[in-house]
Amino acid sequence: MTFSFKRSLMAAAVGVSAVTLIAGSGLAQDNSTVVVAQAVDAYTMDPAKHSNFPTANILFQIYDGLIAEGENGELVPALAESWSNPDELTWRFKLREGVTFHNGEPFNAEAVKLSFERALDPEFKAPYFSRISHIKAVEVVDEYTVDFKTEEPFPTMLLSLYEASFPALIVPPAYAKENDGASIAAHPVGTGPYKFVEWLKDERVVLEANPDYWGGKPAIDKVVFRPIAETRTRIAELTSGGADIIVDVPPEDIAALDGGDTKVSTIASDSLYFLAFDTTRDTPLKDKRVRQAINYAVDVDAIQAALLNGMGTRIALTLPTNAFAYDQAWKPYPYDPEKAKQLLAEAGYPEGFEIPFMSRKGRYMKDSEIIEATAGFLARVGIKANIQYLEPGVWAQVSERKGREGITFPGWAGRDPQLVWAPLLITGQYQSYFSNPELDELLKAGASIIDPEERKANYAKAAEIIKEEAPHLPMIQPPLIYAIDAKLNWTPRSDGIIDLRKAHF
Amino acid sequence: MADFLISRLLYAAAVLLGVSVAVFFLIRIGGDPSALFLPPEAPVEEIERFRRLMGFDRPLAVQYFDFLGRALQGDFGMSLRYDQPAMKLVLERVPATLQLGAMALLMSLVISIPLAILAAAKHGSAIDRASLLASLLGQSFPAFWLAIMLILLFSETFRLLPPSGRGTWQQLIMPAIVLATYSTAIITRLLRSSMIEVLQSDYVRTARGKGVKESRIILSHALRNAAIPTLTVIGLQVGALLGGAVITEEVFAYPGVGRLAIQAIANRDFTVVQAFVVLMAALIVTINLLVDLSYGLLDPRLRKGK
Numbered sequence: 000m001t002f003s004f005k006r007s008l009m010a011a012a013v014g015v016s017a018v019t020l021i022a023g024s025g026l027a028q029d030n031s032t033v034v035v036a037q038a039v040d041a042y043t044m045d046p047a048k049h050s051n052f053p054t055a056n057i058l059f060q061i062y063d064g065l066i067a068e069g070e071n072g073e074l075v076p077a078l079a080e081s082w083s084n085p086d087e088l089t090w091r092f093k094l095r096e097g098v099t100f101h102n103g104e105p106f107n108a109e110a111v112k113l114s115f116e117r118a119l120d121p122e123f124k125a126p127y128f129s130r131i132s133h134i135k136a137v138e139v140v141d142e143y144t145v146d147f148k149t150e151e152p153f154p155t156m157l158l159s160l161y162e163a164s165f166p167a168l169i170v171p172p173a174y175a176k177e178n179d180g181a182s183i184a185a186h187p188v189g190t191g192p193y194k195f196v197e198w199l200k201d202e203r204v205v206l207e208a209n210p211d212y213w214g215g216k217p218a219i220d221k222v223v224f225r226p227i228a229e230t231r232t233r234i235a236e237l238t239s240g241g242a243d244i245i246v247d248v249p250p251e252d253i254a255a256l257d258g259g260d261t262k263v264s265t266i267a268s269d270s271l272y273f274l275a276f277d278t279t280r281d282t283p284l285k286d287k288r289v290r291q292a293i294n295y296a297v298d299v300d301a302i303q304a305a306l307l308n309g310m311g312t313r314i315a316l317t318l319p320t321n322a323f324a325y326d327q328a329w330k331p332y333p334y335d336p337e338k339a340k341q342l343l344a345e346a347g348y349p350e351g352f353e354i355p356f357m358s359r360k361g362r363y364m365k366d367s368e369i370i371e372a373t374a375g376f377l378a379r380v381g382i383k384a385n386i387q388y389l390e391p392g393v394w395a396q397v398s399e400r401k402g403r404e405g406i407t408f409p410g411w412a413g414r415d416p417q418l419v420w421a422p423l424l425i426t427g428q429y430q431s432y433f434s435n436p437e438l439d440e441l442l443k444a445g446a447s448i449i450d451p452e453e454r455k456a457n458y459a460k461a462a463e464i465i466k467e468e469a470p471h472l473p474m475i476q477p478p479l480i481y482a483i484d485a486k487l488n489w490t491p492r493s494d495g496i497i498d499l500r501k502a503h504f
Numbered sequence: 000m001a002d003f004l005i006s007r008l009l010y011a012a013a014v015l016l017g018v019s020v021a022v023f024f025l026i027r028i029g030g031d032p033s034a035l036f037l038p039p040e041a042p043v044e045e046i047e048r049f050r051r052l053m054g055f056d057r058p059l060a061v062q063y064f065d066f067l068g069r070a071l072q073g074d075f076g077m078s079l080r081y082d083q084p085a086m087k088l089v090l091e092r093v094p095a096t097l098q099l100g101a102m103a104l105l106m107s108l109v110i111s112i113p114l115a116i117l118a119a120a121k122h123g124s125a126i127d128r129a130s131l132l133a134s135l136l137g138q139s140f141p142a143f144w145l146a147i148m149l150i151l152l153f154s155e156t157f158r159l160l161p162p163s164g165r166g167t168w169q170q171l172i173m174p175a176i177v178l179a180t181y182s183t184a185i186i187t188r189l190l191r192s193s194m195i196e197v198l199q200s201d202y203v204r205t206a207r208g209k210g211v212k213e214s215r216i217i218l219s220h221a222l223r224n225a226a227i228p229t230l231t232v233i234g235l236q237v238g239a240l241l242g243g244a245v246i247t248e249e250v251f252a253y254p255g256v257g258r259l260a261i262q263a264i265a266n267r268d269f270t271v272v273q274a275f276v277v278l279m280a281a282l283i284v285t286i287n288l289l290v291d292l293s294y295g296l297l298d299p300r301l302r303k304g305k
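If you read the sequences in order, they're chains A and B.
The numbering of the first sequence is numbering that gives the first Met the number 0, which starts it at 0 and goes up by one.
The numbering of the second sequence is numbering that gives the first Met the number 0, which starts it at 0 and goes up by one.
Rather than coming from a laboratory, the hints here were simulated on the basis of the structure.
Glycine included, C-beta positions come from ideal geometry on N, C-alpha and C.
Mixed in with the good hints there might be a few duds.
Unchecked claim - Below are the BS3-like pairs computed for lysine-lysine, each with C-alpha atoms no more than 25 Å apart in a straight line:
no., chain 1, residue 1, chain 2, residue 2
1, A, Lys-460, A, Lys-486
2, A, Lys-124, A, Lys-285
3, B, Lys-87, A, Lys-176
4, A, Lys-383, A, Lys-401
5, A, Lys-200, B, Lys-87
6, A, Lys-501, A, Lys-287
7, A, Lys-383, A, Lys-365
8, B, Lys-87, A, Lys-124
9, A, Lys-501, A, Lys-221
Unchecked claim - Covered, in the sense of this in silico footprint (three residues per stretch, anywhere, with C-beta under 8 Å from a C-beta of chain B), are these stretches of chain A:
no., segment
10, 62-75
11, 127-135
12, 388-400
13, 420-433
14, 437-443
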């Protein structure tokens, strides 16, 4: 009796463990489910209520914007089929017809208008308000035509309307009002390729394919987003079959993950690694020759090769190479320590000088390693950089009172000079530690020129000043490194947003 | 007894008040969340506008009494990031942490108590020395390192256990081991040395002289007397298991309160940090109170005299 009881108990235990083992690790192993592991969970399911990329990655599967990023980084129609500028202060969008939200609400001009009015209401407290704040009014022209009105010509409108501008995703207006917005924040409803299934806080978000998606039913039936903060754990999930796409793989793990059941997928991101020089205080950095000397003194190519496995893209000016007006003919300062020393001597610092070097640590991939390597190159020409790492909250506090001193490694992103140079270089801007009246004029003009050719010519002139004045040491567009299931077909994007619309096994 | 309870409750209230002051002001030293929450290109005016909307621009004392007044009514405010009641976010994650903590405590008690008894009974033997070495190692392993090693071994090499998440018992094993390691070590060491002390005392010698069986001496006389200091440490460990599981939860992507708290601190999500710290302080105060009361059960002398 006891014997058989024990035996059946054991059998039961074995059975249970077999079943749960499969349940525990098998999620990602079937070909109809993709599990994405990123560092943090969603904060909310309301696209206008967050300021966080991992949240945006989840919500972009559920919602659409009027336009979207295409396969080659260009902006392509999404919920809007075409657009035009009837006058300089109007962007007119023809909307896609016959689209419905997951709950059956129709998509039309009214939905667009109400989506933006909701996010533009100051009381709504949208964190990404500044991305869309140039829009002064959204007017319904007819059922499928809307006009976006601005007070000044707004050439970068499209970049304010695609998915990386979080509050630009379109929500169903009636549902978004339900329970004072609590319904959509917990149970999202969009027009996107995936419908919401469940959200277990800090555990997973589960989505299922929307068979009626206007862009065609996605090939993957089910998508799961899991928050895993620790890099090693993400890697372990991938290699043990618990995840299909993992983000932020360190360069040193590429060799181990690229082959067999897994592969590595990388792309140069839109973000920018560069040094910024504080020219507002009385330091050697006020002298243009010193700033140029630093540009000559640091071997950025060597840093890229050694610390980033040669990945990413070297930039000549502080602008992504895929940005509007970036000219492939631009060249960075070459590595020439002798020239650097000569310039320093001319500027009156033959023995070099000491200067603070402020940054955050762990904010960007390999940031502290790059900073330390840079400081090493600077030491060779006599510049002693005193590195200080600030906790991100303290960094923000310091930045707000314009307290960044000496050399900094601030990081930035943006695909248009208006989004990069204007905030970083126009005199007196929050992020600017530089001043040049001629450049100010060009950058301010660029903000409101609608004609692309004219804008390009304007920024070409600005680029010459920036190169000569060297307010920055432009370094690298760092790579985004993903490791994925070898059978999965998926392409990463330079803006870091994960799009599973075209993914398939 | 009633006096004792009342004084302890007043003491608990004072501790909670002190904790609320400390957490409120400490978390605000490093600035407010506005600049972290808004996109990097948001101009200063926009940050200031947001700050005013959220009320972060009011004097700190005003904000504190506002917080205290609401907290006394159970309202810990809304989380900035999640746009949900802060205490609800914390409480939602408590069951997961309790489950992990309970599992870890069970593991450490099941291992440490027999091990300590055995080591004390065979004082000076190989088993005793091994237990000492094991507890020294257990106390010295950094949780982070141990967690990564377990994942490398059991998930990546042998593929026996899923490396992260929650839902199945397999997912509980590695985090519980990591959490239990330190408490097992510390409980083993303390119980062992208390037992050895008791076993060398006069009344044990008398008992032995009277011919009481060794097993009875160990389990009844020695264990009971060694239990009091050990219980204090176990009480402290329960607190540590609940509030201190941050690293373990982070590495194993376990959806507990620790992970929520660490993110809230990084985001300066004040209300969530406050709700977490006050709740944890309340839990620890309660556990300490229970430990104090349990002394009376173990030691009749403490029941009568005050």
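Those earlier numbered hints the structure runs against, lowest number first: 1, 2, 6, 10 and 14
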